[in-house]
Structures are given as structure tokens and as C-alpha cells.
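Those sequence lines, one after another, are chains H and P.
Heads up, the first sequence is in numbering that gives the first Met the number 0, so the first residue is 0 and it goes up one at a time.
Heads up, the second sequence is in numbering that gives the first Met the number 0, so the first residue is 0 and it goes up one at a time.
You may find that some hints are simply not true.
As the list claims (entries may be wrong) - Calculated lysine-lysine pairs in the BS3-like style (CA-CA distance at most 27 Å, straight line):
| hint | chain 1 | residue 1 | chain 2 | residue 2 |
| --- | --- | --- | --- | --- |
| 1 | P | 89 | P | 25 |
| 2 | H | 116 | P | 158 |
| 3 | P | 99 | P | 25 |
| 4 | P | 263 | H | 116 |
Just so you know, these hints were derived from the structure itself, not from any lab.
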Amino acid sequence: MTWDMDYALDVLPPILEAFLRYTLLVTVLASVLAAVLGLVFAVVRRVRVPVLTPLTTAFVEFVRSTPIPIQLFFLFYVLPEAGLTLPGLFVGVVTLGVHYACYYSEVYRAGIDGVPKGQWEACTSLSMSPRYQWQHVVLPQAVRNVLPALGNYVISMFKETPFLFLIAVPEMVQEAVAIGGRDFRYLEPVTIAGLIFLAASYPSSVAIRRLEKRLVHA
Amino acid sequence: MSTPDTAAPGAAGHHRDGEPLITFDKVVKQFGDHVVLRDLDFTVAPGERVTLIGPSGSGKTTILRLLMTLEAPSGGNIWVDGEPLWHMHKGDQLVPANEKHLRAVRTKIGMVFQQFNLFPNMSVLRNITEAPVCVLGKSGEEAEHQARELLERVGLEAKADAHPSQLSGGQQQRVAIARALAMEPKILLLDEVTSALDPELVAGVLNVLRNVAETTDITMLIVTHEMQFARDVSQRVMMFDGGQVIEQGPPEKIFGHCDHERTKRFLRAVIEER
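Bound-form chain H, shown alone (with noise of 0.2 Å):
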């Protein structure tokens, strides 16, 4: 097992393809979806609306104990069943995207209690509307608390990209490997698909801690 940088140089460009075509558009899109809905959860969890706050807190909960394998399979395989059957793509990203939101909602929530109660007297004081508060005081202050953390969260869905393959998305990983089939050598196809994962996440993941210390700091 000698590696032949000649093939590797030959696989890399439809490997990078199925990176920037699927894996990195899922985790952008992904990642978008789960921070706004990760947000409304997270405020519908603590204004306390009856119906909507339990049936929330009862959905994350189910959602964050039931793996992603799962809930694709589900989506793509069983809802056809019933009579609607959603493009992989799509399964792809509302699944991430959802899965994520309720991870996401924990985060956000965190962020929220962390703002000091004075800040809330402070806009009763000024007779602000809770919607006001809500936008303008208290949700940027967390916002912006839980930055790092949200972040860590993109890096971890992003790996979990290669789940799609079940769901016949051809991400990164599923054509690495049908590459390897095809000319029986997996080495180098698995190794660059490997590489440009860790391409991706070790700089993120630096430039998240630089901006944890910067928030500190600040």
C-alpha cells in the first residue's frame, strides 16, 4: 500500500466537487436553519406560551435522544409511505438543520439566562415593550455570549455530513468511497476526503477560540 500522488491528484477534483456541491452547501444551510430555529425554540421555551412551550420542550427532547441515522431514515424512507417523499437534499438539510436547532435551543437558553436580571429591570424601568427587550436588549447580549459555542456546534454537524450517505446524498464521503469501488484503491480517495475535513474544521476551530478569547476580553 504505497500512496500514488498521480491518482490522488487524479480523484481530488471530483472529491472537491462533492464537498463544495453537498457537504459544505448542507452545513451552510443547515447551520442557518438550526440558528434561527434553535432561537425561536429557545424563546418560545422561556415565555412560557401554554400548548406551544411543552409541546417544544417535549419535541427537543425527543429529537436530541433520537440519533440522526434515525430520523433520516424516517424522513426519506418512511414518510414515502405515507405519500410524500422529499428529495435527499432536502431530508439532508432539515434534519441536520432540525436536529441542531435543539441543541442549539440549549445553547440559546443558556445565553439568555446568562443576561443579568438588572437588564431586564433596567427596560421595565424605560417601559419597553418584551418584544423590544427581547430584540434589542436581552437577545444580542446572548447572542453574542454563546457565539463560540454555536460555533463548535457548525463543526460537529459538519462532520456528521457523511451521515447522508444513507440517504443516498453523494457528500464528500459517499464519493471518496464510490471512487475507491470503482477502482478498488481506497487510500487515497478516504485519506483526501480525510484531509479536506480536517482542512476545514482545524482552522474554524481555531479562529472559534480566538474569538472566545476576544469576547472575554472584551
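Given chain H, work out where chain P should sit, using these hints.
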């Protein structure tokens, strides 16, 4: 100039001459079994400045927090400017106030907190302009003009673009005073505003407040341990203990020759502590 000295007195309200601006009518506040205020009655006249003194736990701060609607009373009624604070009229009956009613009455009241509570995500200027723009509906320009005047008044015109974290505690508290005044309240509540400050920063804050007291007729309720300040600015001092007023009168009387042994002991303790 739209600072409180022109805007606060007699602005639209239900107040009639000779009536108190604030009335506590048999107000009870308890946390669980612990009774903080018991059947408390008192009134404050428009423009009056009253200092509340008493040992910690005597309910002084709770009175301010009830007025600012940060806590709900357990019983009794509070009237502000002729309107019930925690209740509203529905036909002939008084029913518990809804959020809208609370917000309407609240705009007449401002508060300065022990811990300043400036918004760290906004500049000093925006801390002051935010509520006048979003609550009172002032234009951005008008609010900024007013904020700069207020900053000048508290001696911080150069800090308009700074962030709260860049200011000393005393400076932050002066901004907090400007922020409260920007809402042109009829009533200003001062909750131990110098307690969290380093000793050398206390005088600056108190001077700002003395100036506000001299140049406006905002009604003030002051909780403080700064007895000289209380003597300088207030027309009346109320001594609390066990959730009730045990003695009250002009500062010369309370600080000079009070009637109650409890008051004497308290004042002696405060003086020794300093």
C-alpha cells in the same frame, strides 16, 4: 430644551391640585411567609423629595420596586398620579392591571439602580436615546439632541460614543441618571445609587443628583445610606422598620432630634459604619 424641568410637571395626567402624586393604601408585600410590608399607608405630594431610611430588610427597596412594577403587591392599592397602578378601572370595578395599563403608568416613573444596569451592547448615547425613540416615539434627532444635553448636565458629553464597559462606575451611574431623565418622568426612584461605587466616585454622582433636585421639580423617592445627601435634597425622611413607617419628618428633625429609640440606634450605626 426638553429636559425634565420643563416637561415633567403637570404633563398630561389625572392629577388634581392638592392631591398626592403617590398613595400607598394598606399595601402588603410578602415573599412566601416573610412579610416585607404590612398595611403600609403613606402619600407623597407632587414635587416632594422623600428619603426612605431603615435597616436592610425593612422594605425600603421593595417600595421602589412596587412603584416601578418590578414586583406586584400582595395586597392593598397603590395610586400614581390619580390612577391605580396595579389595577385598572373596568366599569365601576377595579380589576388587576394588564400589561398595557402597566406600561402606560410606568412611563411616568423612572428608576436608577444600584448596579447601574446600562445596556452593554449599546453606546452611551444609544443607552439614553433608545427608550425615548422606541417608547415615546421621539425622532432620532430630537432624542440625540436631548441626550447630548443630558450628558452635558451629568458632565459626560465627551463620552457619548464610548461603551459602558469603558466607563468607571461613577460615570456609568451618571449615564444611568441621564437615561432615566430622558424619559421625562414625573417620579424618579433612586435605589441605593451610590452603594456599589468606590468611595471617591460617590460625590460626583450625588452632585449630579443635587443639581437635578435643585433645577427640576421631579418627585423623588430616595433609598440611601448617604445621610448628608438625604439632608440636603429631601424635604421629608421616613424611617422604616418591620415593614412599617415608624417615624417621619423633615430631615432636620429626624437627623437632629428624632423621637424613636429605634431611629436613634439606626442612625448611630450608620454613622459608625462610615
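Hint by hint, here is what the structure shows:
no.	hint	verdict
1	P:89 - P:25	holds (22 Å)
2	H:116 - P:158	holds (26 Å)
3	P:99 - P:25	holds (25 Å)
4	P:263 - H:116	violated (35 Å)
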